[in-house]
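Q: Sequence:
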Amino acid sequence: MTRGAHAYSESAMDLVLKVADYHVLTPYVYPESWPEDEALRQIISLLVVTNLGAAVLYLGLGALSYYFIFDHNLMKHPHFLENQVWREIKYAMSSLPWISIPTVALFFAEVRGYSKLYDNVSDSPLGWSGLFLSMISFLFFTDMCIYWIHRFLHHKLIYKMFHKPHHIWKIPTPFASHAFHPVDGFLQGLPYHIYPFLFPLHKVLYLALYVFVNIWTISIHDGDYRVPSGLISVINGSAHHTDHHLFFDYNYGQYFTLWDRLGGSYRHPSALMGKGPMDLIRKLQVEGKLGKEQVNGHDQRRATCKEE
Numbered sequence: 001m002t003r004g005a006h007a008y009s010e011s012a013m014d015l016v017l018k019v020a021d022y023h024v025l026t027p028y029v030y031p032e033s034w035p036e037d038e039a040l041r042q043i044i045s046l047l048v049v050t051n052l053g054a055a056v057l058y059l060g061l062g063a064l065s066y067y068f069i070f071d072h073n074l075m076k077h078p079h080f081l082e083n084q085v086w087r088e089i090k091y092a093m094s095s096l097p098w099i100s101i102p103t104v105a106l107f108f109a110e111v112r113g114y115s116k117l118y119d120n121v122s123d124s125p126l127g128w129s130g131l132f133l134s135m136i137s138f139l140f141f142t143d144m145c146i147y148w149i150h151r152f153l154h155h156k157l158i159y160k161m162f163h164k165p166h167h168i169w170k171i172p173t174p175f176a177s178h179a180f181h182p183v184d185g186f187l188q189g190l191p192y193h194i195y196p197f198l199f200p201l202h203k204v205l206y207l208a209l210y211v212f213v214n215i216w217t218i219s220i221h222d223g224d225y226r227v228p229s230g231l232i233s234v235i236n237g238s239a240h241h242t243d244h245h246l247f248f249d250y251n252y253g254q255y256f257t258l259w260d261r262l263g264g265s266y267r268h269p270s271a272l273m274g275k276g277p278m279d280l281i282r283k284l285q286v287e288g289k290l291g292k293e294q295v296n297g298h299d300q301r302r303a304t305c306k307e308e
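UniProt numbering puts the sequence shown at residues 1 to 308.
Please keep in mind that the hints were generated in silico from the structure rather than gathered at the bench.
One should not assume that every hint holds.
Claimed, not checked - Mimicking DSSO-like on lysine-lysine, the simulated pairs with C-alpha atoms at most 27 Å apart in a straight line are:
| id | residue 1 | residue 2 |
| --- | --- | --- |
| 1 | Lys-283 | Lys-76 |
| 2 | Lys-90 | Lys-18 |
| 3 | Lys-76 | Lys-289 |
| 4 | Lys-275 | Lys-289 |
| 5 | Lys-90 | Lys-76 |
| 6 | Lys-275 | Lys-76 |
| 7 | Lys-116 | Lys-18 |
| 8 | Lys-275 | Lys-164 |
| 9 | Lys-164 | Lys-116 |
| 10 | Lys-18 | Lys-76 |
What the hints assert, rightly or not - Derived CB-CB ranges, DEER-like:
| id | residue 1 | residue 2 | range |
| --- | --- | --- | --- |
| 11 | His-268 | Pro-27 | 54 to 60 Å |
| 12 | Met-273 | Ala-63 | 29 to 35 Å |
| 13 | Leu-59 | Pro-31 | 39 to 45 Å |
Every residue gets a Cβ at the ideal spot worked out from N, C-alpha and C, and that includes glycine.
Using the sequences and the hints given, assemble the complete structure.
A: In structure tokens, the structure reads:
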């Protein structure tokens, strides 16, 4: 990238901008007279790249999970809403551009060199072990922050304003993963963005972790309730998070159950005790109570009214 009078260290998003500038923006979009490191150009480019990247990650990973992992039998559940998949996608795609605005402000600060992101492993005082430790600390730091932010969003004074839209999906699909109110979505994503301002982190690892957290967010909404037996009490998986959607005051964590246990909000997954959504569907089928009307959404509307 061209450097102006105020040079700054390269960040993770600067790396993304460099690729975008080289292959697309400089040769095809911007005039040659507009320097690549000019602030307004970087802000515009970050807005475009962030929105495109978020849409590709959400729709691409969500579609893969929906078609290859999500159990479509869950759509027979009485709480599954009419046209729910389309509604999830529509809500998420309308929220992502708004979420990107404050997110881009943080990315811009990274690009201008205000974060602790570094370029080479040799820049870390601990070398490769520092890379590994930063990855672990990133997961535990963001898990802790998200737990308390998520729990705060359940406070009765603000729940209806910001977090309630995400709880419409009592039986979520992978596309519910990003179907948040913009304020809700930004607040729960904030820990990922503030970590590199507080702690050293390799810029490529930061990008990898950013992709990982999107995959994880989709995975805890994918309806695959299987959890390795040795990790049930440690990992917050789809079975745990589905109980959060169904029972509201439990399992606020993102990756781990640690803070739910410390905060007294842990609930052992119903799906792992034979009392989960699929167990109810099988029970209703055996009893002949899961007819065409329920599948097509009549019971879902009643469930929605109850939630509201």
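Q: Determine for every hint whether it applies to the structure shown.
A: Against the structure, the hints come out as follows:
no.	hint	result
1	Lys-283 <-> Lys-76	holds (12 Å)
2	Lys-90 <-> Lys-18	violated (31 Å)
3	Lys-76 <-> Lys-289	holds (11 Å)
4	Lys-275 <-> Lys-289	holds (17 Å)
5	Lys-90 <-> Lys-76	holds (21 Å)
6	Lys-275 <-> Lys-76	holds (16 Å)
7	Lys-116 <-> Lys-18	holds (19 Å)
8	Lys-275 <-> Lys-164	holds (25 Å)
9	Lys-164 <-> Lys-116	violated (35 Å)
10	Lys-18 <-> Lys-76	violated (47 Å)
11	His-268 <-> Pro-27: 54 to 60 Å	holds (56 Å)
12	Met-273 <-> Ala-63: 29 to 35 Å	holds (31 Å)
13	Leu-59 <-> Pro-31: 39 to 45 Å	violated (32 Å)
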